[in-house]
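Asker: Listed below, chain by chain, are the residues.
2 protein chains.
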Amino acid sequence: MDPGRRLLVSGLSETELLARIVPLLSVNAGRPTSTLLGPGDDAAIVAAPDGRTVISMDTLVEDHDFRLIRPNGHRTSGYDVGWKSAAQNLSDINAMGGSATSLVVSLTLPPQTPVTWVEDCARGLAAAIAQLGANGCSVVGGDLGAGTQLVVTAAVTGTLEGRAPVLRSGAGAGYTVAVAGTLGRAAAGLAILEDGRPVTDFGPSGEELIDAQLRPHPPLAAGPTAARAGASAMLDISDGLLRDAGRIATASGVGLDLDPDALQQYADPLQETADRLGIDVMDWILGGGEDHGLLAAFPAECPLPPGFTAVGSVVPGRPVVTLASRATVLRGWDHFAD
Amino acid sequence: MDPGRRLLVSGLSETELLARIVPLLSVNAGRPTSTLLGPGDDAAIVAAPDGRTVISMDTLVEDHDFRLIRPNGHRTSGYDVGWKSAAQNLSDINAMGGSATSLVVSLTLPPQTPVTWVEDCARGLAAAIAQLGANGCSVVGGDLGAGTQLVVTAAVTGTLEGRAPVLRSGAGAGYTVAVAGTLGRAAAGLAILEDGRPVTDFGPSGEELIDAQLRPHPPLAAGPTAARAGASAMLDISDGLLRDAGRIATASGVGLDLDPDALQQYADPLQETADRLGIDVMDWILGGGEDHGLLAAFPAECPLPPGFTAVGSVVPGRPVVTLASRATVLRGWDHFAD
Chain A
1 MDPGRRLLVS
11 GLSETELLAR
21 IVPLLSVNAG
31 RPTSTLLGPG
41 DDAAIVAAPD
51 GRTVISMDTL
61 VEDHDFRLIR
71 PNGHRTSGYD
81 VGWKSAAQNL
91 SDINAMGGSA
101 TSLVVSLTLP
111 PQTPVTWVED
121 CARGLAAAIA
131 QLGANGCSVV
141 GGDLGAGTQL
151 VVTAAVTGTL
161 EGRAPVLRSG
171 AGAGYTVAVA
181 GTLGRAAAGL
191 AILEDGRPVT
201 DFGPSGEELI
211 DAQLRPHPPL
221 AAGPTAARAG
231 ASAMLDISDG
241 LLRDAGRIAT
251 ASGVGLDLDP
261 DALQQYADPL
271 QETADRLGID
281 VMDWILGGGE
291 DHGLLAAFPA
301 ECPLPPGFTA
311 VGSVVPGRPV
321 VTLASRATVL
331 RGWDHFAD
Chain B
1 MDPGRRLLVS
11 GLSETELLAR
21 IVPLLSVNAG
31 RPTSTLLGPG
41 DDAAIVAAPD
51 GRTVISMDTL
61 VEDHDFRLIR
71 PNGHRTSGYD
81 VGWKSAAQNL
91 SDINAMGGSA
101 TSLVVSLTLP
111 PQTPVTWVED
121 CARGLAAAIA
131 QLGANGCSVV
141 GGDLGAGTQL
151 VVTAAVTGTL
161 EGRAPVLRSG
171 AGAGYTVAVA
181 GTLGRAAAGL
191 AILEDGRPVT
201 DFGPSGEELI
211 DAQLRPHPPL
221 AAGPTAARAG
231 ASAMLDISDG
241 LLRDAGRIAT
251 ASGVGLDLDP
261 DALQQYADPL
271 QETADRLGID
281 VMDWILGGGE
291 DHGLLAAFPA
301 ECPLPPGFTA
311 VGSVVPGRPV
321 VTLASRATVL
331 RGWDHFAD
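Protein chains in written order, with this note's numbering: chain A, 1 to 338; chain B, 1 to 338.
Calculated directly from the structure, the hints in this document are not laboratory data.
All C-beta atoms in this analysis are idealised placements derived from N, C-alpha and C, irrespective of residue type, glycine included.
There's no promise every hint is true.
If you anchor each label on the Cβ, the simulated ranges turn out as follows [unchecked claim]:
id: 1; chain 1: B; residue 1: ARG5; chain 2: A; residue 2: PRO319; range: 30 to 36 Å
id: 2; chain 1: B; residue 1: ALA164; chain 2: A; residue 2: VAL22; range: 20 to 26 Å
id: 3; chain 1: B; residue 1: SER169; chain 2: A; residue 2: ARG276; range: 56 to 62 Å
id: 4; chain 1: B; residue 1: ILE69; chain 2: A; residue 2: LEU12; range: 51 to 57 Å
id: 5; chain 1: A; residue 1: GLY172; chain 2: B; residue 2: GLY40; range: 17 to 23 Å
id: 6; chain 1: A; residue 1: GLY162; chain 2: B; residue 2: ARG67; range: 44 to 50 Å
id: 7; chain 1: B; residue 1: ALA300; chain 2: A; residue 2: GLU14; range: 33 to 39 Å
id: 8; chain 1: B; residue 1: SER10; chain 2: A; residue 2: PRO319; range: 25 to 31 Å
id: 9; chain 1: A; residue 1: ARG197; chain 2: B; residue 2: ASP50; range: 33 to 39 Å
id: 10; chain 1: B; residue 1: ARG67; chain 2: A; residue 2: GLY40; range: 27 to 33 Å
id: 11; chain 1: B; residue 1: GLN112; chain 2: A; residue 2: PRO111; range: 32 to 38 Å
id: 12; chain 1: A; residue 1: GLN112; chain 2: B; residue 2: ASN72; range: 27 to 33 Å
id: 13; chain 1: B; residue 1: ASN72; chain 2: A; residue 2: ARG67; range: 37 to 43 Å
id: 14; chain 1: A; residue 1: GLN112; chain 2: B; residue 2: ALA164; range: 39 to 45 Å
So here's chain A without its partners, still in its complex pose (with noise of 0.2 Å):
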């Protein structure tokens, strides 16, 4: 091969571009881990120690989940994309109240992607794993294949060490709704990747925002951690709080009432940037999602477990989600909901 080209993955058999990922993927070196069978044959085999198997799957497709060139020139790397798959599979677990065991990922890949491209995915999945904390966790198998666009889809499994499950449909009448995570940081990134101007406008704030919405950072503690402080109902905030505080309360039959006073200090330190936006930063707060955060209800009774904060209560009547008691449209419900 000319050394001045770049490798693509069109040079390479399917066998040899397994033979240089899987090596990046290891992350349980001399570490406890769930994987009973790793890469290598017609299946693998995780450890499901209570005899049930929490499982997920979601998919990334590029110029619909992700740019690889933005207006301002900003490029998604597959560091990125490698590691907001894992990250959005692992926080899926976390919503349960569960902890991840193992990730199964099928890459679709244009000829023409660069082998570097593919190796910058494999280390963000396993980068992903290992710094969110998502231990005895790794990937244990998938697929690669040719496609016209870079999709990258990820299975997750995972252990509900023993514990019932926190459903989306446990919320009573009374309970106080937390967060635990951020809001808005996500939105507030992705705004000003779609913005046209340099990312450096934006000070030293500007890249740490890019950061919330190409690396998320779920709190994986928390899951478990409210599962056993007794949460009652839980969702990751993918779509936005209020499109995901409305399937808590569809899925319960109850409203849920949000304090803007309580999501002020979320937003607060959005302001300087939605200002500069010119984008009202309750919009990011309330519709942004990708922080994958939690939300979740706990009986009045259960003092919050430690990374949670409340923001709201459940109350009875329609499942619909109010703000200080007042209809939510306004704040473009409508826009999220779907």
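Add chain B to chain A, keeping to what the hints say.
Answerer: Structure of chain B alone, referenced to chain A:
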């Protein structure tokens, strides 16, 4: 909507599309099921009665793994793609000696995809699970999103029911090499599809062979049966007998010698079709994948269980595949090497 126009996925929200397909996925009404929590929350929960979960993943990409329309006008339906996605994933669990417990499925859909295509895909998934006898297995979750190309990724979980997995690495010299299921039929069907002539030119077997390509029937009872009977190495024949036999040879550090006389019984029914296409029928038997039969090695003292046919033996020496003790490179081994 104008009743004369087909409803496209771009005309529905994700929630509306889900509401149409989830009911079509139901296969276990009134039957025992491994599903402890089905679709609708952040994740599903599947039984893992022996404390282990087998997991694998396979992706089908439009224009790579299937074509919506062929030169001879043949259309691949959503039902076909759903069936094949389920079948190839279920086969991976079968190849470990296990039984499938769940599928999660991600559909990436161009906006102009007819909703009926997606509904047919769901029906095909459910039909494969039911008709192939994957008892207790259901589609428990997944993801829906937009892209430029149809991509169907499924992950499958399974149980080993307390048994050890049957790996690729357990073949020993003197063992019997045996096949369950069919060989070469899916490859013959693909050759008919890729030929320009109408399917009817190939007689009644033409449609049957196309069915074998589009809706393969992996022998799902055979995997657990082989494991109980003492099979010491096994995989599913997805890339062709020679190539997959080479994987057992490599993993086990032994040679596999195949018996052309034993393989003749698979070739005979395809001879006329091969002649019509001007193809050497043994290319399909040795090189054709996608039937998703099983290739297994049984210690000499184990009687072959029902459904398995001896096709060769394990020999000491280099990890290569031979045909009547002769090198298989002449048979196109290089074409199938990866």
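Asker: When the hints from earlier in the document are held up against this structure, which numbers fail?
Answerer: The structure conflicts with hints 4, 9, 11, although it agrees with all the remaining ones.
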